[in-house]
Amino acid sequence: MAVVRVRGSLRKLTGDRAEHELDGATVVELLRTLELRHPEVSGWILDERGLIRRHINVFVNGERGDRSTAVASTDRVEVLPAITGG
Amino acid sequence: MTELLVGTKKGLFLVEGEPGRGFAIKTRAFAGEAVDFATRDPRSGRLLATVTSPIYGPKIFYTDGDPGAEWLQAEGVALPEGGDLALERIWVIACGEADGTVYAGGDPGVLFESHDGGASWEINAGLWEQPSRAHWQPGGGGLCLHSICTWPGDPNKLAVAVSAAGMWLTEDGGRSWRRGNLGLSPRYLPEEALKDENAARCVHHVERAPGRPQRLFMQFHGGVYRSDDAGESWSDIGGGGLPSDFGFPLMVDPDDPDSAFLIPLVADVDRVTPGGRVRVYETRDAGSSWAQRGDGLPAEHAYLTVLRQAFARAGGGERLELYFGATSGEVFGSGDAGANWSTVATRLPPVFSLVAV
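Residue numbers (this note's numbering), protein chains in the order written: chain A, 38 to 123; chain B, 805 to 1161.
It is worth saying that the hints were derived from the structure and are not from the lab. Check the hints yourself; a few may be wrong.
[Unchecked claim] Derived DEER-like restraints, expressed as beta-carbon distance ranges: (1) B:880 x A:55: 22 to 32 Å; (2) A:63 x B:1016: 53 to 63 Å; (3) B:829 x A:55: 27 to 37 Å; (4) B:957 x A:96: 51 to 61 Å.
Built from N, CA and C at the ideal position, the CB exists for glycine as well.
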C-alpha cells in the first residue's frame, strides 16, 4: 500500500496521524480512500468537483503530481498546503 | 452587557461591554483564519462561524461551549458532488423562524438550511435548481447570497438577495422562488437591457422591518430602495440628504418600521466614507429624508471602508444600540440610536462582519 503523509490541520482530521497506508491506483483514489477512513477530512483536500483544492500540492515520491497521477504500492505521497506569496 | 461577534481577516473576536462604558476583547478564535461571519443563535446560545481558508475552502463551525476552545465542523456545507462548481464562501448566517432552523447564504448564489441548529446543513434545492441560474451574473465580490430576511412568525416566507442576481422571494418555505426586482433601476445598464430579467441587479444589502414585515429596505449598487409589498416592487428613497446612494451597510430599528440606517461610501470607484468624515445616515420617515448622525465618529481625514456585513444592532427604540467595524480594524458603537458614538476597539484586523447580541 502507498503511504500518504499529511500535516497540520489535515493531520488532526485524520486521527492525528501523519502517515496513512492506503490502497489506490491514482492520487485521487488514495485521497478518496483517506476520506472513507476519516470522513472528517472530506471537503478539505478534494472539493465537491473531486478536484484537489487550488492551494494544495501533492507530491509523489518528491515529484509534483495531480489527481490522476498513477501511484504504486511502494510510493510515498505528500499532501501539502501551498504557502505562497511574496 | 452587549456581546459583539467581530469576524475579521485574521480571526473571530468576541468583545463585551456597554456603550459609553467601554468594551474589552474576551476571546480570539480561529487565529489567522478569515472569519467571514459569526452569530449566536439566541434560542440555543450556540455560536456559529463561517471560516474561509484559502487552502481548505469554506466551512461552518459551531460551539455550545467555550469559544476559545474547540469548535465542531458542521456537516453538509457543500455543493452537490460531481458538478462543475465548488462552494467559494459563506457570506451570512441567519436564524430562521421555525425551531432549530438556521439559514446560510453563500457564493455561488446558494442557500443552505439547517434544522438542527446548525450542526448539519442541506442545500435549498428550489433556489439551486432555478432554471435561470445559468444566466446569473456575479457581482464584484462573486455570486454572493448575502441577505436573508425571514418573516417574523411565518417560516414559509423568506426573501434573499444575491449579488447580482437580485431579489428572490418564497412563500412556501423555499420550495419555489420568484424574482422581486420591479422598480430597481441599475445605472450601470442601458435602459433597454432591463427588459432582460437576467440582467444584473446588484443588490448590496437588504433588511426587513420586523414590526412591519412587508416593508424592506435595500442598499443597491447606486440607489437606496424601500419595498412595502414584501419585496415585490421597490421605490427609490436615495435622495433627501444622503451624500451618496452607494454603499453596503444597512440596518433598521426593530421598534420603528419607518427607520433605517446607512453608512454611505463615495462611489463604486472610491469605496470610502465621503469627504473623509465617518457618518451614519438615519431616516425616521421611511426614506423621505435622511439626517447625518455621527457625534464621536472621526470627522477629518477618515477614509474608512465599511463592508456589507459589518453593521449591527442590539435592542430597539430609544435604547437601540448600533455598531460598525471598518477594514481599518476600528469598531465604533452607539447606545442611543446613533446620536453619540464611541470607539469600541482599534487595531483589529480588517473587519468583515459584526453581530451584536
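Results of checking the hints against the structure:
no., hint, in the structure
1, B:880 x A:55: 22 to 32 Å, "28 Å, holds"
2, A:63 x B:1016: 53 to 63 Å, "59 Å, holds"
3, B:829 x A:55: 27 to 37 Å, "35 Å, holds"
4, B:957 x A:96: 51 to 61 Å, "56 Å, holds"
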